[in-house]
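**Student:** With chain W's structure known, arrange chain S on it following the hints.
Line by line, the protein sequences are chains W and S.
Going by the numbering used here, the letters in the first sequence line up with residues 1 to 249, in that order.
Going by the numbering used here, the letters in the second sequence line up with residues 1001 to 1317, in that order.
Treat the hints with care, as some may be off.
[What the hints assert, rightly or not] Calculated lysine-lysine pairs in the BS3-like style (CA-CA distance at most 30 Å, straight line):
no.	chain 1	residue 1	chain 2	residue 2
1	S	Lys-1247	W	Lys-145
2	W	Lys-103	S	Lys-1139
3	W	Lys-48	S	Lys-1180
4	S	Lys-1166	S	Lys-1012
5	W	Lys-20	S	Lys-1273
6	S	Lys-1280	W	Lys-225
7	W	Lys-227	S	Lys-1247
8	S	Lys-1219	W	Lys-247
9	S	Lys-1079	W	Lys-225
10	S	Lys-1139	W	Lys-20
11	W	Lys-145	S	Lys-1079
12	S	Lys-1015	S	Lys-1046
13	S	Lys-1247	W	Lys-48
14	S	Lys-1139	W	Lys-219
15	S	Lys-1185	S	Lys-1211
16	S	Lys-1219	S	Lys-1311
17	S	Lys-1280	W	Lys-227
18	W	Lys-2	W	Lys-48
19	W	Lys-32	W	Lys-87
20	S	Lys-1211	W	Lys-145
21	S	Lys-1219	W	Lys-241
22	W	Lys-219	S	Lys-1137
23	W	Lys-107	W	Lys-196
24	W	Lys-152	S	Lys-1177
25	W	Lys-103	W	Lys-54
26	W	Lys-233	S	Lys-1273
27	W	Lys-231	S	Lys-1247
28	W	Lys-247	S	Lys-1280
29	S	Lys-1166	S	Lys-1079
30	S	Lys-1280	W	Lys-231
31	W	Lys-231	S	Lys-1311
[Claimed, not checked] Derived Cβ-Cβ restraints for the label pairs, each shown as a range:
no.	chain 1	residue 1	chain 2	residue 2	range
32	W	Lys-195	S	Asp-1297	46 to 52 Å
33	S	Ile-1164	W	Asn-14	50 to 56 Å
34	S	Asn-1010	W	Glu-51	50 to 56 Å
35	W	Arg-18	S	Lys-1180	43 to 49 Å
36	W	Lys-247	S	Glu-1300	23 to 29 Å
I should point out that these hints are in silico values taken from the structure, not numbers from a laboratory.
For every residue, glycine included, the Cβ atom is placed at its ideal position computed from N, Cα and C.
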Amino acid sequence: MKILVAVKRVIDYNVQIRVKEDNTGVVTENVKMSTNPPDDNAIEEAVKIKESGKATEVVAVSVGEEKAQETVRKALAVGADRGILIKADGILEPLAVSKLLQKIVEKEKPDLVFMGKQAIDDDCNQTGQMLSALLNWPQATFASKIEIKDKKLEVTREIDEGLETIEINIPAIVTCDLRLNEPRYASLPNIMKAKKKPIEQLNASDLGVDTSPRIEQIKVEEPPKRKAGIKVKSVAELVQKLKNEAKVI
Amino acid sequence: MSVLLIAEHNNKELKPFTLNAVTAASQMDSDLHAVIIGNNCGDAAKKLSELPPVKKVIQVEAAHYENFVAENFAPVIVKLAENYSHVVCSANTFGKNLMPRIAAALDTSQVSDIIKVISTDTFLRPIYAGNAFATVKSKDPKKCITIRPTSFDPCESSGGSAPIEKAEPSEEFNNTKFVKREEIKSDRPELGTARVVVSGGRGMQSGDNFKLITSVADKLNAAIGASRAAVDAGYISNDHQVGQTGKVVVPDLYIAIGISGAIQHLAGMKESKVIVAINKDGEAPIFSVADYGLEADLFEAIPQFIEELNKLNTIQK
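Same shape as in the complex, but just chain W (with noise of 0.2 Å):
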């Protein structure tokens, strides 16, 4: 079985976000970047089955600019095979995203695909739902078990009211929660050992797929700032100001 993960390159959830001067979007230059934490979960998931005898390969496959083969490289570092970097410059939407992987996979032919089920930047949680719909596929979305059994999979989803748990055919489509298992950090060997291993790299110009954007953004701006607030000297102060001030309790 051979499992494909998209991976995405994303301003590191620790780095405080700031709204660019001239509002076309947000500070990037200077900014440390990381795998989207989701996607981690994704190549955990996918090393973890490769383990069990489960997978024979593990591919790694990334959209964006020339800096995206770093995530791809940290994929391999933690236990990817071999990886593909689709360049593509300015914004990618999750359509456009998606279009790209059905190619990849019409290719790769994979078992599986996994990846996280949202990405910390545009939050717009919608590519493995859209890829599933190009391909026709089951899906399963913000997995946080996972079951191999024979040609199926059995996948339990945190929803909101809970959990739920479906069964679906292979091929499929897997978007994995944060609560899927822990990601691994990559040692110093893996690392070096990952600087050998393979990066295709491919032109989304070249894929025949029309990457423009279909949404325009018109501004990015600071969300509106909270008026500033008051400390209190006491416990007793605290619950008055709750009670007769804000009316919350």
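**Tutor:** Showing chain S alone in chain W's frame:
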């Protein structure tokens, strides 16, 4: 121009957030129709027809719609979408799972999780977990929009009497089977929708000390949250995590106890109406977003806080 709203329900009743989604959809165009897909969902369809902004209800029923599998729902909505300019749904796990499947089939770039309707094609949505707000304009002829329910008021629940039409179900998608649903039965409100959230951070020092958080939450009928640091330290399970990589919450009252206020945590709670921070480090960033800050040792302050709450007889239960 008309808008198709996808109702969320449990086959018996509408999910409350459907009313918020109706409000959002009606702001895109007043010609609002709502589709309800389910199995034996007649009662819920009737409730939907009573929502005043809804002009028509389309009811689609089949056994394979019993459990809301997106692979079964999407083809029905894609077909109905021929007649509409907008397809709208709540951005909760139901809508997040379903809408992109519809959008891709319609070759539409979806606009997710909007918090404001600016015009029929222009919307405001948070990005970077609310650290920036983007104004976006959809250029697709058909628009697929998910809305953040807590950003819109619910519509009136009665007074309307829209006609209910039946539509043909589509075929079952055979590669996905529903197995079971385990709804978390708790006396506590759900973290995502609770009116009050009490959260603990690394300052709690141990999982055992989270009992203090539980006691405060009991007094206030609150949900229990936690910072990523507390989750990583193993004090509490990660379904309680509030933040960019956890849940984004917007309660009336958020009480942060022993939480320093890392960026990733603030992203998940800073839209709360009233924020209280209790922390012994007066320089902690959490105080910059707190309406009421108490600089104190939480192990002294929390028992006092519980005592003070006990003195009040007006706590909402």
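**Student:** For each hint, tell me whether it holds in the structure or not.
**Tutor:** Hints, one by one, checked against the model:
Of the pairs offered as hints, the one joining Lys-1247 (chain S) and Lys-145 (chain W) holds, with about 19 Å between alpha carbons and a cut-off of 30 Å not exceeded. For the proposed pair Lys-103 (chain W) and Lys-1139 (chain S), the alpha carbon gap of about 25 Å is at most 30 Å, so the pair holds. For the given pair, Lys-48 (chain W) sits about 25 Å from Lys-1180 (chain S) by alpha-carbon distance, which is consistent with the 30 Å threshold. The straight-line distance between the Cα atoms of Lys-1166 (chain S) and Lys-1012 (chain S) is roughly 17 Å, inside the 30 Å bound, and the hint therefore holds.
Only pairs whose Cα atoms come within 30 Å are accepted, and Lys-20 (chain W) paired with Lys-1273 (chain S) is accepted, the gap being roughly 27 Å. This hinted pair checks out: Lys-1280 (chain S) and Lys-225 (chain W) have alpha carbons roughly 24 Å apart, not beyond 30 Å. With a C-alpha separation of about 24 Å, the suggested pairing of Lys-227 (chain W) with Lys-1247 (chain S) holds against the 30 Å cut-off. Of the pairs offered as hints, the one joining Lys-1219 (chain S) and Lys-247 (chain W) holds, with about 16 Å between alpha carbons and a cut-off of 30 Å not exceeded.
Of the pairs offered as hints, the one joining Lys-1079 (chain S) and Lys-225 (chain W) is violated, with about 43 Å between alpha carbons and a cut-off of 30 Å exceeded. Distance check on the hinted pair: Lys-1139 (chain S) and Lys-20 (chain W) sit about 24 Å apart at the alpha-carbon level, within 30 Å; holds. For the proposed pair Lys-145 (chain W) and Lys-1079 (chain S), the alpha carbon gap of about 33 Å is over 30 Å, so the pair is violated. At roughly 13 Å between alpha-carbon atoms, Lys-1015 (chain S) and Lys-1046 (chain S) fall within 30 Å of each other, so this suggested pair holds.
As the CA atoms of Lys-1247 (chain S) and Lys-48 (chain W) are separated by approximately 26 Å, the hinted pair is consistent with the 30 Å bound. Restraint check for Lys-1139 (chain S) and Lys-219 (chain W): satisfied, since their Cα atoms lie roughly 15 Å apart, inside the 30 Å limit. Restraint check for Lys-1185 (chain S) and Lys-1211 (chain S): the C-alpha separation of about 20 Å stays at or below 30 Å, so the hint holds. Of the supplied pair hints, the one linking Lys-1219 (chain S) and Lys-1311 (chain S) holds, its CA atoms being roughly 11 Å apart against a limit of 30 Å.
In summary, the hint linking Lys-1280 (chain S) to Lys-227 (chain W) is supported, as the alpha carbons are separated by about 22 Å, within the 30 Å threshold. Distance restraint check for Lys-2 (chain W) and Lys-48 (chain W): the Cα-Cα separation of roughly 13 Å lies within the 30 Å cut-off, and the hinted pair is therefore satisfied. Straight-line distance between C-alpha atoms of Lys-32 (chain W) and Lys-87 (chain W) comes to about 20 Å, which keeps the hinted pair within the 30 Å bound. In summary, the hint linking Lys-1211 (chain S) to Lys-145 (chain W) is supported, as the alpha carbons are separated by about 28 Å, within the 30 Å threshold.
Between Lys-1219 (chain S) and Lys-241 (chain W) the alpha-carbon distance is near 17 Å, which keeps this suggested pair within the 30 Å criterion. Restraint check for Lys-219 (chain W) and Lys-1137 (chain S): satisfied, since their Cα atoms lie roughly 10 Å apart, inside the 30 Å limit. A C-alpha spacing of about 23 Å is found between Lys-107 (chain W) and Lys-196 (chain W), which places the hinted pair at or below 30 Å, so the restraint holds. Only pairs whose Cα atoms come within 30 Å are accepted, and Lys-152 (chain W) paired with Lys-1177 (chain S) is accepted, the gap being roughly 10 Å.
A threshold of 30 Å between alpha carbons decides the hint, and for Lys-103 (chain W) with Lys-54 (chain W) the separation of about 25 Å falls inside it, so the pair holds. A distance of roughly 22 Å separates the Cα atoms of Lys-233 (chain W) and Lys-1273 (chain S); the hinted pair therefore holds under the 30 Å criterion. At most 30 Å may separate the alpha-carbon atoms for a hinted pair to count; Lys-231 (chain W) and Lys-1247 (chain S) meet this at roughly 27 Å. Between the alpha carbons of Lys-247 (chain W) and Lys-1280 (chain S) the distance comes to roughly 25 Å, so the proposed pair stays at or under 30 Å and holds.
A distance of roughly 14 Å separates the Cα atoms of Lys-1166 (chain S) and Lys-1079 (chain S); the hinted pair therefore holds under the 30 Å criterion. For the hint pairing Lys-1280 (chain S) with Lys-231 (chain W), the CA-to-CA distance comes to about 12 Å; that is within 30 Å, so the pair holds. Only pairs whose Cα atoms come within 30 Å are accepted, and Lys-231 (chain W) paired with Lys-1311 (chain S) is accepted, the gap being roughly 22 Å. At roughly 49 Å, the beta carbons of Lys-195 (chain W) and Asp-1297 (chain S) sit within the given window of 46 to 52 Å.
Ile-1164 (chain S) and Asn-14 (chain W) have their C-beta atoms about 51 Å apart, which keeps the hinted 50 to 56 Å range intact. With their beta carbons about 40 Å apart, Asn-1010 (chain S) and Glu-51 (chain W) fall outside the hinted range of 50 to 56 Å. Take Arg-18 (chain W) and Lys-1180 (chain S): their Cβ atoms lie about 45 Å apart, and the range 43 to 49 Å holds. For the pair Lys-247 (chain W) and Glu-1300 (chain S), the supplied restraint of 23 to 29 Å holds, since their beta-carbon distance comes to about 26 Å.
The earlier numbered hints that this structure contradicts are 9, 11 and 34.
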